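Let's have the full structure, built from the sequences with the hints guiding it.
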Amino acid sequence: MADLTTDFLGIKSPNPFWLASAPPTDKEYNVRRAFEAGWGGVVWKTLGAEGPPVVNVNGPRYGVIHGPDRRVLGLNNIELITDRPLGVNLEEITRVKKDYPNHAVIVSIMVPCEEQAWKDILPKVEATGADGIELNFGCPHGMSERGMGAAVGQVPEYIEMVTGWCKKYYSKPVIVKLTPNITDVRSPAAAAKRGGADAVSLINTINSIVSVDLDSMSPEPSINGKGTHGGYCGPAVKPIAMSMVSEIARAPATAGLPISGIGGVTTWRDAAEYIALGCGNVQVCTAAMTYGFKVVQEMISGLSQWMDEKGHSSIRDFMGAAIPNTTDWQYLDLNYVAKAVINQDDCISCGRCFAACEDTSHQAIVMSEDRKFSVIDAECVACNLCVEVCPVENCITMVQQPAGTVDPRTGQTISDDYANWTTHPNNPDAVAAE
Amino acid sequence: MTSPMTPGIAADRLSNEALAQNFADLHVALEPHEVRVAADRCYFCYDAPCVTACPTDIDIPLFIRQISTDRSEAAAKTIFDMNILGGMCARVCPTEVLCEQACVREVSEGKPVEIGRLQRYATDTLMTKNIHPFNRAASTGKKVAVVGAGPAGLSCAHRLALKGIDVTIYDARPKAGGLNEYGIAAYKSTHDFAAKEVAWLLSIGGITIENNKTLGVDMMLDGLSSDFDAVFLSVGLGGVNALSMSSEDDTCVSDAVGFIETLRQTTDLASIPIGRNVVVIGGGMTAVDAAVQSKLLGAEQVTIAYRRGREAMSASRYEQDLAASHGVKLLFNVQPVKLEALGSSTALVLEYTATNDTRLTGTGETVRIAADQVFSAIGQTLAMDGGLALDGRKISVTGAGRTSRDRVWAGGDCASGGDDLTVTAVAEGRDAAMDIYATLIGGAN
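Protein sequences appear in the order of chains W and U.
Positions in the first sequence are counted from 1; adding 205 to them yields this note's numbering.
Positions in the second sequence are counted from 1; adding 188 to them yields this note's numbering.
No lab work stands behind these hints: they were computed from the structure.
Certain hints may be false.
[What the hints assert, rightly or not] Just a few of them, taken from the derived set where beta-carbon distance is under 7 angstroms, the chain W residues facing chain U: (1) P273; (2) D274; (3) S554; (4) G556; (5) F559.
[Said to hold, decoys possible] Just some of the chain W residues that point at chain U, by a computed CB distance under 10 angstroms: (6) G272; (7) R275; (8) D551; (9) I553; (10) C555; (11) R557; (12) C558; (13) A560; (14) A561; (15) E563; (16) M572; (17) R576; (18) P596; (19) V597.
Only a predicted model underlies this, so the values are computations on that prediction, with no experimental measurement involved.
Even for Gly, the Cβ is constructed at its ideal location relative to N, Cα and C.
Written out as structure tokens, the structure reads:
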């Protein structure tokens, strides 16, 4: 039986599934129930500075992109940080941590970009006994207008400065949560590292308008006829988040910096993929908000089963295993030649591969009078579009062509030597192959 | 109050509540969310097999996609462009042997996209709003007579009217609609849908209906030919085939077509007398419609007796199963011989049959079943041929319904070819209209 326990920055948790800083972790009641349901850790919903708490809108906070059967594909929110008094949150965190010593409790914080503000709050957080803090440099709506959240996360110098303050006034691990609303995520990640961050977590939500009401002409969620951008999360953002995670894991300046992966984790498989790209754990929100806390049970059993099947005894066994295989386009092997092959027994003759290839790709699929579809190898560039639009899984596959055979499209004999763009004769900057 | 057990033939076997429930919509209309889920199952196939299988060539993937994007009105227009009776066809088409049989999901997983129910959703959406999505072209000054206001005639008339031709429809019945109004099981066309559909169709304008006008009685084909620029005959099959049985004159034997018509026209289902033991002779949709409705009226035992095997039945397997699920017993390879007294009741003697080469013969072995009432559903015949050349027992047509007589077209059940389905009648009427238009306006001959 695989061991799912994780040690992230010295913080132990029974499994790598943490609830992200968000509505599910806003109060003691929720967090206790989450731990009972099986979650390994929580990042408590972001605390603000002492004083009157922020106020939220009193209309809808969420908007969703649905699939046809109301599957939640993407979730957008305009909620702010916790709107409960600081003292109440701190008391609750203290109680919860005391009762759940073996679960991870991280406190998310967002206070103004002034040293005194951090100096004031950090000792109070330290006193709760929580395992670490996460700096919310990512919230893209509301707080960013007040110079916090993403407004800090978009300026690497601020990240470095604030992270430095936290390391100065707080003794436990500091995780910097990054915003995706920037051009190159490596820059804020490197700044966090320079500031002394123990880890980064990403992604926070993406600026988004999920829909426009075409009658009222208001973006949604609509507050009395007006809307604003919110933060987008859920399954739809996972590919964006994973790419950003991989960039930080690969960049020389940040390689080895622990990462907590966030963005659309819905199943055990999503978590395994994030971990394979270098994350030490994952944080979940939308899946819990859609299905409730129980959803973690599938994640735990699924990951455990998969690890057993693969012979991984611990999370560390496969952590980052996909990073060596994540490269730049220029290093992809141009001598790898594949062709689409359609399994006629599985084909249901819908013709989607034909329509896609004929109209939008390389005219490499031919349709017979009796609706049989076959690939013209001389035209097929192995783009994979037919594979992806085929409704029958594995009906169309990409088959590598053996070395020594001739690719009928190019007329070239296929070589099994590795060769990439850096040495290709068409590349004006090519380095002659020796 | 009588009950299903009451001997003989009797009315009032079931309460009005039970009857109302029994004769409610066979397929409950889909709700908007069900529609989104059902529509999402469509793969939007290239050159889709469902379209090929549809006698009216409705662009099914397109209308389903229009539904899925919440444009059911546009979806309905896509349907009506090809099939102006798309509303009725959504209810009565044997989709299980047409579009849904061809659906690639039927092929791959045995569960087709619910094309018929989606079509009904779209057409109902538009018709409920009483929107007619076509505008008539300017009048061409041409006049066409359509004889018979069934699916073929209505389809032809609508297309002609659309093209600016003035149409007069003559129909022998007090109401238009043909078999949509007088045939078809009541639970397939609830809430007077057939009449509403006709009214909606006529709102195109340019169509006059003359009811209670029978060709050969009230007007002659020669007269119509001289009064109009063209004639389209869609008179259906007005006659019913008679059983060849020694006791045929028995009062307990009647034709299923008349029974179905009575059911469709009544306002008081309870008043229709039905036997405790009913036998329906035949193997088509009419037999199934009569048998199931007998059961729904409260008959205790209902049997369909068909002279060939299950595979030869023209009622689809779906229809057979529908009958079976209502408790109708299906008896194959039997033919009626005679009626006999059975105590105070009657029994039908059936002889088993065998097929030698292609010839059906009796084996001599018989079976006897209680039969207070027997419905004959062994096909209908052409009652009026107007002196036109025949192909077998139907008016011979070539191309888009051209008959042996110049400027006379025919379509629907009375014409040769086709499957005697509502949907094929619609296609034939539409195509004849286009041919008539081309002939009268386009100069084609």
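Checked hints:
The interface hint given for W/P273 is met, as the beta carbon of that residue sits about 4 angstroms from the closest beta carbon of chain U, less than 7 angstroms. For W/D274, the suggested interface contact is upheld, since its CB lies about 5 angstroms from the closest CB of chain U, less than 7 angstroms. The criterion of a C-beta within 7 angstroms of any C-beta in chain U is met by W/S554, whose closest approach is roughly 6 angstroms, and the hint holds. With its C-beta approaching chain U no nearer than about 3 angstroms, W/G556 sits inside the 7 angstroms limit, and its interface hint holds.
Using the Cβ-Cβ criterion of 7 angstroms, the hint placing W/F559 at the interface with chain U is satisfied: the shortest such distance is roughly 5 angstroms. Interface restraint check for W/G272: the shortest CB-CB distance to chain U comes to about 8 angstroms, inside 10 angstroms, so the restraint holds. For the restraint placing W/R275 at the interface with chain U, the shortest Cβ-Cβ distance is roughly 8 angstroms, inside the 10 angstroms limit, so the hint holds. A least Cβ separation of about 9 angstroms between W/D551 and chain U falls short of the 10 angstroms threshold, and the interface hint therefore holds.
Because the closest C-beta pair between W/I553 and chain U is about 4 angstroms apart, less than 10 angstroms, the hint holds. For the restraint placing W/C555 at the interface with chain U, the shortest Cβ-Cβ distance is roughly 4 angstroms, inside the 10 angstroms limit, so the hint holds. The interface hint given for W/R557 holds, since its Cβ lies 6 angstroms from the closest Cβ of chain U, which is under the 10 angstroms cut-off. Using the Cβ-Cβ criterion of 10 angstroms, the hint placing W/C558 at the interface with chain U is satisfied: the shortest such distance is roughly 9 angstroms.
Proximity of W/A560 to chain U holds as hinted, the smallest CB-CB distance being about 4 angstroms (cut-off 10 angstroms). For W/A561, the interface hint holds, since its Cβ comes within 10 angstroms of a Cβ in chain U; the closest pair sits about 9 angstroms apart. For W/E563, the interface hint holds, the least distance from its beta-carbon to any beta-carbon of chain U being 8 angstroms, beneath 10 angstroms. With a least beta-carbon distance of about 7 angstroms to chain U, the hint placing W/M572 at the interface is held under the 10 angstroms criterion.
At its closest, the beta carbon of W/R576 sits 7 angstroms from a beta carbon of chain U; the interface hint therefore holds under the 10 angstroms criterion. With its C-beta approaching chain U no nearer than about 5 angstroms, W/P596 sits inside the 10 angstroms limit, and its interface hint holds. Of the supplied interface hints, the one on W/V597 holds, with its beta-carbon coming within about 7 angstroms of a beta-carbon of chain U, less than 10 angstroms.
Hint violations for this structure: none, all hints satisfied.
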